[in-house]
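Read off the chains here:
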Amino acid sequence: MAAAEPKPPAGAAAAAARRLARGCWSAFWDYETPKVIVVKNRQLGVVYRVVQLLILLYFVWYVFIVQKSYQDRETGPESSVITKVKGITSSEHKVWDVEEYVKPPEGGSAFSIITRIEVTPSQAQGTCPESVRVTNATCDSDEDCVAGQLDMLGNGVRTGRCVPYYHGAFKTCEVSGWCPVEDGASVSQFLGKMAPNFTILIKNSIHYPKFRFSKGNIENRKDNYLKQCTFDEVSHLYCPIFRLGFIVEQAGENFTELALKGGVIGVIINWDCDLDLSASNCNPKYSFRRLDPKHVPASSGYNFRFAKYYKINGSTTRTLIKAYGIRIDVIVHGQAGKFSLIPTIINVATALTSIGVGSFLCDWILLTFMNKNKVYSHKKFDKQDSTLTDPRGLAQL
Amino acid sequence: MAAAEPKPPAGAAAAAARRLARGCWSAFWDYETPKVIVVKNRQLGVVYRVVQLLILLYFVWYVFIVQKSYQDRETGPESSVITKVKGITSSEHKVWDVEEYVKPPEGGSAFSIITRIEVTPSQAQGTCPESVRVTNATCDSDEDCVAGQLDMLGNGVRTGRCVPYYHGAFKTCEVSGWCPVEDGASVSQFLGKMAPNFTILIKNSIHYPKFRFSKGNIENRKDNYLKQCTFDEVSHLYCPIFRLGFIVEQAGENFTELALKGGVIGVIINWDCDLDLSASNCNPKYSFRRLDPKHVPASSGYNFRFAKYYKINGSTTRTLIKAYGIRIDVIVHGQAGKFSLIPTIINVATALTSIGVGSFLCDWILLTFMNKNKVYSHKKFDKQDSTLTDPRGLAQL
Amino acid sequence: MAAAEPKPPAGAAAAAARRLARGCWSAFWDYETPKVIVVKNRQLGVVYRVVQLLILLYFVWYVFIVQKSYQDRETGPESSVITKVKGITSSEHKVWDVEEYVKPPEGGSAFSIITRIEVTPSQAQGTCPESVRVTNATCDSDEDCVAGQLDMLGNGVRTGRCVPYYHGAFKTCEVSGWCPVEDGASVSQFLGKMAPNFTILIKNSIHYPKFRFSKGNIENRKDNYLKQCTFDEVSHLYCPIFRLGFIVEQAGENFTELALKGGVIGVIINWDCDLDLSASNCNPKYSFRRLDPKHVPASSGYNFRFAKYYKINGSTTRTLIKAYGIRIDVIVHGQAGKFSLIPTIINVATALTSIGVGSFLCDWILLTFMNKNKVYSHKKFDKQDSTLTDPRGLAQL
Numbered sequence: 002m003a004a005a006e007p008k009p010p011a012g013a014a015a016a017a018a019r020r021l022a023r024g025c026w027s028a029f030w031d032y033e034t035p036k037v038i039v040v041k042n043r044q045l046g047v048v049y050r051v052v053q054l055l056i057l058l059y060f061v062w063y064v065f066i067v068q069k070s071y072q073d074r075e076t077g078p079e080s081s082v083i084t085k086v087k088g089i090t091s092s093e094h095k096v097w098d099v100e101e102y103v104k105p106p107e108g109g110s111a112f113s114i115i116t117r118i119e120v121t122p123s124q125a126q127g128t129c130p131e132s133v134r135v136t137n138a139t140c141d142s143d144e145d146c147v148a149g150q151l152d153m154l155g156n157g158v159r160t161g162r163c164v165p166y167y168h169g170a171f172k173t174c175e176v177s178g179w180c181p182v183e184d185g186a187s188v189s190q191f192l193g194k195m196a197p198n199f200t201i202l203i204k205n206s207i208h209y210p211k212f213r214f215s216k217g218n219i220e221n222r223k224d225n226y227l228k229q230c231t232f233d234e235v236s237h238l239y240c241p242i243f244r245l246g247f248i249v250e251q252a253g254e255n256f257t258e259l260a261l262k263g264g265v266i267g268v269i270i271n272w273d274c275d276l277d278l279s280a281s282n283c284n285p286k287y288s289f290r291r292l293d294p295k296h297v298p299a300s301s302g303y304n305f306r307f308a309k310y311y312k313i314n315g316s317t318t319r320t321l322i323k324a325y326g327i328r329i330d331v332i333v334h335g336q337a338g339k340f341s342l343i344p345t346i347i348n349v350a351t352a353l354t355s356i357g358v359g360s361f362l363c364d365w366i367l368l369t370f371m372n373k374n375k376v377y378s379h380k381k382f383d384k385q386d387s388t389l390t391d392p393r394g395l396a397q398l
Numbered sequence: 002m003a004a005a006e007p008k009p010p011a012g013a014a015a016a017a018a019r020r021l022a023r024g025c026w027s028a029f030w031d032y033e034t035p036k037v038i039v040v041k042n043r044q045l046g047v048v049y050r051v052v053q054l055l056i057l058l059y060f061v062w063y064v065f066i067v068q069k070s071y072q073d074r075e076t077g078p079e080s081s082v083i084t085k086v087k088g089i090t091s092s093e094h095k096v097w098d099v100e101e102y103v104k105p106p107e108g109g110s111a112f113s114i115i116t117r118i119e120v121t122p123s124q125a126q127g128t129c130p131e132s133v134r135v136t137n138a139t140c141d142s143d144e145d146c147v148a149g150q151l152d153m154l155g156n157g158v159r160t161g162r163c164v165p166y167y168h169g170a171f172k173t174c175e176v177s178g179w180c181p182v183e184d185g186a187s188v189s190q191f192l193g194k195m196a197p198n199f200t201i202l203i204k205n206s207i208h209y210p211k212f213r214f215s216k217g218n219i220e221n222r223k224d225n226y227l228k229q230c231t232f233d234e235v236s237h238l239y240c241p242i243f244r245l246g247f248i249v250e251q252a253g254e255n256f257t258e259l260a261l262k263g264g265v266i267g268v269i270i271n272w273d274c275d276l277d278l279s280a281s282n283c284n285p286k287y288s289f290r291r292l293d294p295k296h297v298p299a300s301s302g303y304n305f306r307f308a309k310y311y312k313i314n315g316s317t318t319r320t321l322i323k324a325y326g327i328r329i330d331v332i333v334h335g336q337a338g339k340f341s342l343i344p345t346i347i348n349v350a351t352a353l354t355s356i357g358v359g360s361f362l363c364d365w366i367l368l369t370f371m372n373k374n375k376v377y378s379h380k381k382f383d384k385q386d387s388t389l390t391d392p393r394g395l396a397q398l
Numbered sequence: 002m003a004a005a006e007p008k009p010p011a012g013a014a015a016a017a018a019r020r021l022a023r024g025c026w027s028a029f030w031d032y033e034t035p036k037v038i039v040v041k042n043r044q045l046g047v048v049y050r051v052v053q054l055l056i057l058l059y060f061v062w063y064v065f066i067v068q069k070s071y072q073d074r075e076t077g078p079e080s081s082v083i084t085k086v087k088g089i090t091s092s093e094h095k096v097w098d099v100e101e102y103v104k105p106p107e108g109g110s111a112f113s114i115i116t117r118i119e120v121t122p123s124q125a126q127g128t129c130p131e132s133v134r135v136t137n138a139t140c141d142s143d144e145d146c147v148a149g150q151l152d153m154l155g156n157g158v159r160t161g162r163c164v165p166y167y168h169g170a171f172k173t174c175e176v177s178g179w180c181p182v183e184d185g186a187s188v189s190q191f192l193g194k195m196a197p198n199f200t201i202l203i204k205n206s207i208h209y210p211k212f213r214f215s216k217g218n219i220e221n222r223k224d225n226y227l228k229q230c231t232f233d234e235v236s237h238l239y240c241p242i243f244r245l246g247f248i249v250e251q252a253g254e255n256f257t258e259l260a261l262k263g264g265v266i267g268v269i270i271n272w273d274c275d276l277d278l279s280a281s282n283c284n285p286k287y288s289f290r291r292l293d294p295k296h297v298p299a300s301s302g303y304n305f306r307f308a309k310y311y312k313i314n315g316s317t318t319r320t321l322i323k324a325y326g327i328r329i330d331v332i333v334h335g336q337a338g339k340f341s342l343i344p345t346i347i348n349v350a351t352a353l354t355s356i357g358v359g360s361f362l363c364d365w366i367l368l369t370f371m372n373k374n375k376v377y378s379h380k381k382f383d384k385q386d387s388t389l390t391d392p393r394g395l396a397q398l
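Residue numbers (my numbering), protein chains in the order written: chain A, 2 to 398; chain B, 2 to 398; chain C, 2 to 398.
Any given hint could be a false lead.
Cross-link-like lysine to any residue pairs, in silico, SDA-like; alpha carbons within 25 Å at most [what the hints assert, rightly or not]: (1) K309/B with Y310/A; (2) K87/A with P122/B; (3) K85/A with S110/C; (4) K194/A with F307/B; (5) K339/C with R74/A; (6) K211/C with R290/A; (7) K309/B with S189/A; (8) K41/B with C25/A; (9) K194/A with Q126/B; (10) K295/A with N221/C; (11) K87/C with V120/A; (12) K36/C with E33/A; (13) K228/B with S301/C; (14) K36/A with W365/B; (15) K262/B with Y226/A; (16) K41/C with F29/B; (17) K211/B with R291/C; (18) K36/A with W26/C; (19) K312/B with T128/A; (20) K69/A with D73/C; (21) K312/C with T320/B; (22) K95/C with T320/A; (23) K286/A with T76/B.
It should be emphasised that the hints constitute simulated quantities derived from the structure, not laboratory data.
Put together the whole structure using the sequences plus the hints.
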């Protein structure tokens, strides 16, 4: 206050500072509230309240009730899947059990059920005609075949000879490798006859670490329930035993076609949990979907090759098996939500701010459309022209 | 302004529009600030400031310090896991090494350590009595057995004959398939005697793509440290070599029981990183948990079947092995946070809005409980009745 | 109003309550708007508008355009990966095909391409000298070997005898187990000569469940395109066929070194999708990274052991193979964003609140630095001293 006065005595300055500090301290405890103009206009009031109501409704209904924005969320629970396939099937001369048609055998979340095989028995390292499917494999004479050449998509190193093919009247280049080659000697066998009746048990348990919540998808019962039941969404939700035929059907696929060409089916388990409710409201939801690109012509289907190795009289032979099958990928996802202060407060604060937005609209109506807007404007706005000289203002500083 | 006047000359209208535009432009640069009433009431001021302080404290302490809401977050890092088991064990007549008891051998994030096996040696395709465990397998005469019938949970196609069982005095239907069936000829072997001393090396490295941050769980030392150390949370955090017995114990399980029946143990590695601090503050946290549902009676434990195929004199035989084991699932999760403007601003704006909430409370106290509320009300609210005719307002439009 | 008067007749009280309710109801429909002081000061107005503009720019440009904060987000899509390796390679005396060098064969998202092997042929259960690498395995006489001792990192149970080693002039303790032990009899073979030319087809399809959006990484063409093409980021993005050499090179590794010691390469597919645009704007982005800790001396590289079991004259022998290889981990991640009301409103509300922050600054300038601040202060703040007795206020309650 007195700081601008020329050369005050030190004591006076200190006293002034003290007085200023006391004033500030006192002012700190004053309560300030904006001055408000009340406009007694029913139309404007109705508009104002209706806008406020709409915003409020939106927040209460959509943001809080539908979207549960008051919850903290966690996605991607820790998950463990154990699977077990049961069933037997028969081809022409043989009975196949689980050990033979499920690969890999460990019962993880991804496994293949082999439905058709092309067997090339008794392959051994040696020389034989190259497959006709390999580019430039057909030949007329030895000159067409370059010795030592190795085609990346072929079956071996060329020996430089041109030899008659396995069947038919033409010739192909001879290769050194696993002989005979697959295309020349393989025999097809269909295992899928009984496959729709195979049962798959999918044990899944999930854990949301943030909320310390765990749950499994399997009924905890002492009786023989799990030996007899089959999955049903309504009556047997906690009996995760699925017929393979059911899975394929739910995925909208034709079983025979799938069994012949192979494919990947996803069993998607979704744990969408509102942990503000009791644990019994947190249930798995199963869905089934074909995962591989079915309509891509060049590489549709699913197959892989494996072999069984034998040693006969000291030399190694193998049975090469090209297996077409249905791969089952168990995919677990989910999200859990639980009440938490931070998202609640952020959303409440947003709601309050948004309700205030109603005022903008009404101020604009008030000042633009109302008959007496000049009057209101005059009342609302207290004009203070800084170009007018104000003796008191100047005197102060 | 002049637009409502009847037929103004074009020049006058243009001049009016110009004047209006100039007025708007000038008004645009006016500064507007709400008019405020200062209430010199110490009680109300204290309430106001205390409410503000509480809200501020909540935001500063809980939202910013505890919850670190000023950070952008990323969950679910890219992760790579390489595992390697070491150790040997012995059963009655045989020594087992890693190659035999770890399946699959590739050292991925999920693998099984076989602790007990039931071996059915020398199975071949042929005919033999069905297992007694299969429904309706027991019979008195051939009439009880339907030829060609195939039980999904059985071991083969029935031949129609009723034959004496492997042991005991009863008979079961004969089946065609892999013979002899498991229940009739299997021998149990326990491999788990030394299993608690097996060591498992778990190499894990993670990468948060959003923050371009990578880290591994293994000490980078030149000496023989990793050949000798064992994991210890305090002194050897970066030596990820775990005794199997330690893992099972930490998961709260009994080793012998688990080794007999099998089970799944999760090794959960949690990378919770505050990337505003230095990289050395971002450390893995290990926890161990039984993942399969232990108390579900019908399907407890963990086992799977695999076989070794042999060719003897041209005919195929196999050794079927039902393996019980401890499956280890290494699950990696985590979240990283780093300062980011957007969440900071959202939370600061929320804080400011929330501090304003204190005014609602104090306005309500001011207008309801204070002795002089009519006066304050009179001062705060400037009533403007729209039903009063205002000649100036009418004149304007 | 009249409630404080002594003993009003019941009728009067009811009438007063009615009047009060009617008053409240009428007041509810009043529109309230804060009274505003307009300061006609060009400097202050410019500061005010510039601050507002900066805040607005930040929100419009950074928050909405760069960060797309108006979008709801989903990370971690459901993903399915099918892989297929093609190519052949040759070592000294043998041609290797895919079946032999890819483990596991099922074509999942993680697989190893074996580039070097150490073969220990014809192992059988028996007795032989322990490896010299095992601690305390070397001996001078039988007294140095304790019968029945089993070293966890050794190869068998000690028999108590001290026998000459496979080669060299020293002796080691005899063990009972799979004999001969690996270190004594293994032969190394390098398969990696042609390995850089192996091709890997990676079929990947993803699904964002929240937005019901699916896409694959493979061109849907009827012709032979996929049989001929190789991946190229610019011209062949939808031809996911990668040369192994290309992958290793992109990961910044030396192929020969990697092939000898083994390692893990991550093929990371990132699907970053703005679903407000058309589906053709959502494309996979491939990156390649070495995942295992390369510089950790004690355990660098990647290898695993598997065996082939044979039965010769009734006794089991095996060929143990220590395989070094390149493990490919296909890691799929991504995030999708789509316009959603809730984040939009939260961010708009934050923007409005933040724009209001400009007023704080200008109020402070107004009241502190302006010449006439006392005048403005006087105009803005309407002081109301609660210590002054106000007869009207007292009279009311």
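- Numbers of the earlier hints that this structure fails to satisfy, in rising order: none
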